[in-house]
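Asker: Sequence lines, in order, name chains R and E. If you read the first sequence in my numbering, its first letter stands for residue 111, the second for the next number, and so on. If you read the second sequence in my numbering, its first letter stands for residue 376, the second for the next number, and so on.
By construction, these hints were calculated from the structure, which means they are not laboratory data. Where hints are given, some of them may not hold.
[Said to hold, decoys possible] Below, a list of computed lysine to any residue pairs in the SDA-like style, where the Cα atoms sit at most 20 Å apart:
#1 E/K382 / R/M141
#2 E/K382 / R/P119
#3 R/K283 / E/N413
#4 R/K283 / E/K382
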Amino acid sequence: MQVNVLYRPSQTVAQVWLQPNESIMAESGAMMGMSTNVDMQTQSGGLMKGLKRLFGGESFFRNTFMAQGGQGEVLLTTPLCGDMAVLDVGQRQWQISNSAFIASSTTVDVQTQGSGKGFFSGAGLFILGTQGQGQIVVGSFGAIEPVNVNGELIIDTGHLVCWDANLQYTVGKSSNAGWIASYLSGEGLVCHFQGQGQVYIQTRNAQEYGSTVGRMLPPVQK
Amino acid sequence: MPQHMVKYEPTFSMLEVNLAPGEVLIAEAGSMVARASNLEMDVKLNAGRNPGFFGKLKAMMIALLRKVVGGETFFVNHFHGGQGGWVWIAPALSGGVRHIPLQGQTMLFSTGAFLASAGEVDLKLRFGGLRALLAKEGAFFLEASGHGDLWVNSYGAIDEIYCNGTYVVDNGHIVGFDSSLDFKIKTPGGGAMGFFGSGEGLVCEFTGQGRILIQSRNLGALVEWLTRLMP
């Protein structure tokens, strides 16, 4: 599998080249185009897995694209303007913010992490974890920047794309002063990372964008 | 002046500021991307430097007014630390970030333009005139003065125009301008038809000499466009 990211950094498209009989799994709705010898299968990977994904703010189904009888091409995109990164999975495993996930090799198992931290963090932060070997494609809202953590670092949950599974993290309030101050600060929740590894951040926050534009729009009529 | 850098211009701009021990960065609520863990963040009322009781009361009034008028937030975050450290700040919309060093001069900005400040910067609200009340934008301007650093953000790219004589800018495209310029908010011409039919809303007519910062996109126009598509 060979992935090229085109039209960086704002209007990215992941151009995926598949060898005969090779396949890639992608988030539903991500496909923009594909060659005719690519076969698309829609799977939930089992009812429970599908429900878990649904609960995690993702779609119930995921699509698998397989090249048949020759090389195949699949083009993948995201709804918002932003960048993409192609990361190796194997020696390093990743934790991914659910909204950042685009695609993965079928040799990589991508699972919604058990509730706990991810669920209680609110702020729409649901986390996917990788296992196995291969590649993943993640997308951002805004530019992507890899940040090396060496010690400690604090990142707004809305700006997280993915991070090294080696890193320890806790989700907490953004201000040292208390919950009320954290609420007023408008920063929502932050992730305190500890250890050594990489975190990919995005320079825009979709919720922040949504609330800035959203509060100027008329209420939706039901 | 704290060390700073703007990355990912012009669409996804992000401001990186490296604070020395004792330096304070004041930033718009909700704008933090990440920070060093040795920096602390305090939430404060957007009340300027060392306000007295009346200063705070006034800030309350202004903050309320801003809330009604839109654009600016009630609270700001103060970042500081005994050993210093870095903090990254990003605006909500796609657009640029511009550094404005203030050395005693005064500049006016649209209310949504404030991103961050450091040093002895004073921010006040200035009334744009009765006519401006008709428009969604430009009823108030933010007046910045003092000595220090100011960072403003835009929707779209920021362009700088030097006004020598007169110049007209659509209200929704103004980021800021030098206070040496006189400004008058008016309809773009063509009388009532011009106001309601041209789609230009209100414009700001500048006279004198000074810089005008404009942005290549208009938030009001985006909102209008989206509103038409809403069910």
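Asker: Hint numbers the structure violates, sorted upward?
Answerer: 1, 4
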